[in-house]
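The lines below spell out each chain.
Number of protein chains: 2
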Amino acid sequence: MRELLGGKGANLAEMTRVLGADRVPAGFTITTAACVAFMAAEEMPAGLDAQVDEALARLEAGAGRLLGDPDDPLLVSVRSGARDSMPGMLDTILNLGLNERSVQGLAEKTGNERFAWDSYRRLVQMFGNVVRGIPGERYEQAIAEAKDGRGVELDTELDAADLAALTERFGVIYREETGEDFPEDPSAQLEASIRAVFESWNGRRAVEYRRLHGIPDSWGTAVNVQQMVFGNKGDDSGSGVAFTRDEITGAPKPSGDFLLNAQGEDVVSGVRNTQDLDEMAEALPGPHDELIEALGTLEAHYRDMQDVEFTVEEGRLYLLQTRNAKRPAQAAVRFAVDAVAEGLLDKAGALATIDAGKLDALLHPTFDPGHEYEVLARGVAASPGAARGTIVLSADEAVERAGDQRSADDREDLILVRPFTEAEDVAGFHAARGILTSEGGKASHAALVARGMGRPCVCGAAELDIDLAVGVVHVNGHDLRAGDVIAIDGSTGAITLDDVPLIEPEVSEEFGTVLGWADELRRLSVRANADNPEDAAKARSLGAEGIGLCRTEHMFFGADRDRLVKLMFLVAEEWRRAHVRDDREQEDPGAERARLHRLGEADERFRSALDDLRALQRADFAGLFREMRGLPVTIRLLDPPLHEFLPVAHFEQELADAGEAGAGAAELERASAALAVARDLREANPMLGTRGVRLAVLYPPIYEMQVRAIVEAAAEVAEAEGEQPHVEIMLPLIAYETELEQARAVVERAAAEAEAAAGREVPHSIGTMLELPRACLVAGQIAEHADFFSFGTNDLTQTALGLSRDDVEAKFLGRYVEEGIIDRSPFETIDVPGVGELVEKGTERGRAANPELKVGICGEHGGDPDSIAFFHRAGLDYVSCSPYRVPIARVAAAQAANADAGANIDS
Amino acid sequence: MRELLGGKGANLAEMTRVLGADRVPAGFTITTAACVAFMAAEEMPAGLDAQVDEALARLEAGAGRLLGDPDDPLLVSVRSGARDSMPGMLDTILNLGLNERSVQGLAEKTGNERFAWDSYRRLVQMFGNVVRGIPGERYEQAIAEAKDGRGVELDTELDAADLAALTERFGVIYREETGEDFPEDPSAQLEASIRAVFESWNGRRAVEYRRLHGIPDSWGTAVNVQQMVFGNKGDDSGSGVAFTRDEITGAPKPSGDFLLNAQGEDVVSGVRNTQDLDEMAEALPGPHDELIEALGTLEAHYRDMQDVEFTVEEGRLYLLQTRNAKRPAQAAVRFAVDAVAEGLLDKAGALATIDAGKLDALLHPTFDPGHEYEVLARGVAASPGAARGTIVLSADEAVERAGDQRSADDREDLILVRPFTEAEDVAGFHAARGILTSEGGKASHAALVARGMGRPCVCGAAELDIDLAVGVVHVNGHDLRAGDVIAIDGSTGAITLDDVPLIEPEVSEEFGTVLGWADELRRLSVRANADNPEDAAKARSLGAEGIGLCRTEHMFFGADRDRLVKLMFLVAEEWRRAHVRDDREQEDPGAERARLHRLGEADERFRSALDDLRALQRADFAGLFREMRGLPVTIRLLDPPLHEFLPVAHFEQELADAGEAGAGAAELERASAALAVARDLREANPMLGTRGVRLAVLYPPIYEMQVRAIVEAAAEVAEAEGEQPHVEIMLPLIAYETELEQARAVVERAAAEAEAAAGREVPHSIGTMLELPRACLVAGQIAEHADFFSFGTNDLTQTALGLSRDDVEAKFLGRYVEEGIIDRSPFETIDVPGVGELVEKGTERGRAANPELKVGICGEHGGDPDSIAFFHRAGLDYVSCSPYRVPIARVAAAQAANADAGANIDS
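Protein sequence lines correspond, in order, to chains A and B.
The opening position of the first sequence corresponds to residue 1 in our numbering, with each subsequent residue numbered one higher.
The opening position of the second sequence corresponds to residue 908 in our numbering, with each subsequent residue numbered one higher.
For each label pair, taking beta carbons as the anchor points, the in silico distance ranges come out as: (1) A:562 with B:1377: 31 to 39 angstroms; (2) A:748 with B:1377: 49 to 57 angstroms; (3) B:1519 with A:180: 42 to 50 angstroms; (4) B:1233 with A:579: 32 to 40 angstroms; (5) A:579 with B:1172: 33 to 41 angstroms; (6) A:562 with B:1726: 28 to 36 angstroms; (7) B:1518 with A:873: 51 to 59 angstroms.
Hints listed in this document are in silico derivations from the structure and should not be mistaken for laboratory results.
Yeah, the Cβ is synthetic: ideal placement off N, Cα and C, and Gly gets one too.
All chains should be built: construct the whole structure from the sequences, respecting the hints.
Below you can see the structure in the form of structure tokens.
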């Protein structure tokens, strides 16, 4: 009933059932459906009034008192309650039913005039603030004046008369601000409060919270109307919140905050210093023991760690609310392990209590939580973990200062600071500890690459004004330069100049236990995306069962390789052009001979450039095969947007430099020819241009070279280690089944030749990325030429939705989330209705045509728990994600399998 | 049986049935399946030999003679026969069965020694050339030597002994070239010839022909083995080809070419001047009359104009082949009209004989076919029709020289010559008669825009070296400059400097009749894509039933408007930025006041820029509404790739110009700010960037302005004309149903306000483009907010296939067609398995959710007959294409309806 009653409403009903009616104040719930209707019509739904009146009558009958009765008033609270908890985001009004007359009745009945006036004063204040939007400062100021007038310091030092006067002053404020009198009629109070709760669903705070937490705007909130109990009726009363276990560590001892003689909001507001539960045991031993017992009952009932609100009214304990406790990753893991040990939950149930998405907090360094620091500026928390180091302002500088990238331990700690990053900066990511940019968001190049590598990253810190020309970063009055030390927290977006100590992560024993259970329970395999032995080793240590995606174009980054690759593409294009016979060459044998001569020369240069690259690639692949011994390694053949390897600006600069340096005619001609080629190959939409398998059609020797390098590396490792590497060769960006048919033939021929040359067989399978909508639709035909599919959901999202990731997030996807057009970015979590249907269709049709087909996914979504649940349901064989997300994926896959089993039992 | 027997084989079998066995030489057919098996295995299929032997034995029994019998040899021909005719592209070998001995038998039996040796010499020559690839020149040279030796001029002057000697010489050539003797064994001749025909399927000519005509490589060819008959047996023999109607005009009188005492290849080779059928009537009156009768019988049987090969052997007429005649558009139309008048066909049948794709030849100027001219260079025939005019080298110059674009008749004839064109050149297309580029192909910007406007265009004429800096076009030794006169033929790709007269088109009475029938028979509506009153008028005159797509961004081209639009986008962005509150502004009221001041100023400037544009747009829309009175006009709200309106290079130039001109600080600052904005808005993949409805999210006032202009224009026209325009407002690039929901609300609000201001209701419907894969998949949800769908198949093809039209055609789509990866470009004809499924799904799901939904298509495919047939089958309501393709679409839609009805009857 959560959908209808909201979390709080359903919870109250259930809590009453579990603890008995005596422990829970009576009440009723107005459903979320009423809120949805209210939002659509922008007016209160017809018939709601009557239903509220009826429920109120029942409540009054049960309590034996009437709302606002002048002699013995029933008071009620009106609280929001969304399907998912949104703490503090929606409105609450307390003490409804009080007015000038019933306040007297309350005073008489409780024998506590001060309490009655305090309650009334709170109602007038809260109603004015929440229902009518009167600024809180107006009330604060009046209170301050009252205290000044009485010469006291604390609110509690104001007596009943003071509070009565203050309430009158609040009434004047109400009239000044609204032009109306505070409504004395309890029914009018109630109706206005219900409306205010509905309206608070679309308040700024609530909308923002939902955006951050991925809660749909369409749900609406329920409204709970409940009899008030009072923690401020004297020293035998009090209020508090309690957790069934330690809220930080998850240790099996209840924790909480308590205030004597206070209402609940005093506890959460932080105005007064709270006491802990041990102190409560001294002050109110009976209620304390009842509370501890109730906590145990609730946890056993809900089978999850609980977060409880309670009030003690004149010695009697009431539980106002219980909910599953939000908890940091370490507490979640600890609870899961203890719950199984205690027999509270089975492994599947324990796993279900963990928010998988939070687990990577356990795998990255963090700022020491005990150390306070001054925030210099904030950006987007784009890749988790904290880092501290020396500022470098270019990738080249980072690479230079870091020296040999592979020996990570003794290199200098660097933070790469850039306005934004591009493909050619990737080597700098390897060299740096963390990345900080002033532009772009969670889906920017910097964020994606940093997450992939497990580097902390703060993006889009707009307060940074980075002047690369003079090498200065202006930020809030500071001028930072290369060499200055800075620290960033990619989990919060904080940037600081302070010397904050970092805490290095350890995989705790409990975490290991939880991951072990996940492995027992999940059906999906989990692989990692890794392009070098370092990442492969990290992935394996985090439990990856293979490499699902090795992006060979990433192997070409780094200054030395970059030169080779540029040269290779330039001669490849020369080679391609020399193949084309124009009309003159078809007619004039002399011209044709010249063309053939050109072709011969280009061919020689092309082969030579490829040989150089092959030697490098062979070593790269051998390194991967060694690290992943016995596990599958999926190598995607080159899929560059050509413009990243042949950027026009680079060749313009080179030509300009050559000119300035007074280079000779030959050198100038060479530079100018290279620039011309780069310009010719420039594309209006490189994302939809000459990429992937299309490259194999234009320049087949490139893929041949890569296949040879793969086979040679595998043969070498098999020879040395005595075990065959498990090689999977993947062809990217297939749209037509015939592309794959032809490219597969190229791969098979090259592999056969390389096997013959190596003198041994190298078993390998050949498959393809499904990353274009057409490929998913014709997956049946494609599967006839494929041993496996791997959905490239990044590109599939880009094409299915017509969104260029590089361009849209900063510009309008954020705006889309703000305006409720989408709940979460389709690059964060898979778009089920669109991209998801393509994944399902591709899987079904591929398997129908080729029952042996292995199907996986290797986009960013492979590390997102919601997406993993979808991939499980779609029947995929594996997900592949960045190494640091492998533990998340393992847990999420187990949760998905468990939810699925649960759904099957339900149905 | 065409698939299996090929056109020719099926035809021979049927022709025998229709005309009787006496009129058709006996024979048998080897199926296409054997060819397909041969191509796959690269060897002759097992069992084929035995089957050929058996069939040959039957043929020999029927003829009463044996193949190669030394005394009275049976001779056979071996001819290819594909499913669709590929004239001259595949191989043929005649006179098989002759050798050193049977040539004597033939001479004796026919009493014509010269004929026998001539036949044998032809076999040796043809076999060497076709089966063994010996260059034809070797034989030609030997014939020339023989004639020189005899001192004669003509082949026919060589006598039997000369020909015997020549045959011996040919045998030597055969040995020299192949190292083998010419095969005397008739069975070996037959087997090698069959193999050669199979292999000719993959010959260069055949592959190229298929590519041009969209015939799949997979079909293969059949092989027809048929008894030879001889037209060279003396003056009572002859050969010819005949059409049942005039082959050029379609007039109802047989036409043809005939040669006395000759074999068929002499007729088609053009070596001898042929006679017409009237001359044949004089030379061979009996066979002539029999031929005329047979032509009538065949046409009546096949119910289509026939193209027949015949031979008269010693007075007896044989028909060797008949097929539906290829014919120019005017003959096709004339035949269709006459066939109905004669009762030969009903209207549907007559329409089916027309190649709809060729019809636009009737709507464009052509070079006078009677005028010979020298071809200066050739390019891609990118948009049909011919044009002649003065060269201009920039769009601006074209606009300037053309003066007022709208008075088309008295403006100067111009040819716009550019390396390639871009969006900002479009005004130049209007001003010019034709467009010529040195880069790009059929899918280039120049080709697309030219076809859309009906301007002749030749693209990618690579021999042109266009040096814009000095204003010279170097081409094959000529240096052309602005002001020189040039002529282009966009139907053939020819470019000439000659003064070729142009023939202006007229829509003939017959064409009108045919279009009338099409309108009776088709189910699909046909609309046109038109952005201005001139195109709208043209479209209406060609039968368009509405405007299916008015691209409002095209209304912004032209120098004066361009300035306004640039200004508008700059202030729009300024306005958007002023909306964003940064941290400082949230905290510091002074900063916030400054922001609000900025916002106020930006808002004022934005509104003022929009007001200027609104006045222009209102006039534009009013013009369209007037032209299309009573018919629907679908107006697509702005869908620009922003970079086309804010090109960085433009603003760089402007800043540089301002600097050079010594502009003041304010002016420099303005130019520099504009450049910064243009740089900020630059996108990596504009195709997938800030376009369409996304604009409405960032800058809602732009769509509001357009809606106001539409409503005001409609109100104005309704007032003036007394008839309500039929207004359809279309929102582009919807991916999420929520985008449409929100944008629809913006449109409705703006429309209501404008209606209120105008004081009258303006009925309008609101719909959306379906041009993203996701939109097609969630069409059900989208349809809840749409009155109509229009599939934008251009963008849908780009996204579903991950192909940027601007980038890929020149680079690899052509290569894909060459390599057989695809048959035709997906931008020419719809990709049925991929894009087609999305169109079907979108239609089904949309209609299921909203049965009232109107569904159309407005991509380039709307003018392609094959695509139209698909759209008919998919159940769309209308297609919309460029004005000049409207008649094609009308006919193709009728053909589709008819084929569909036929399919239903068949099934």
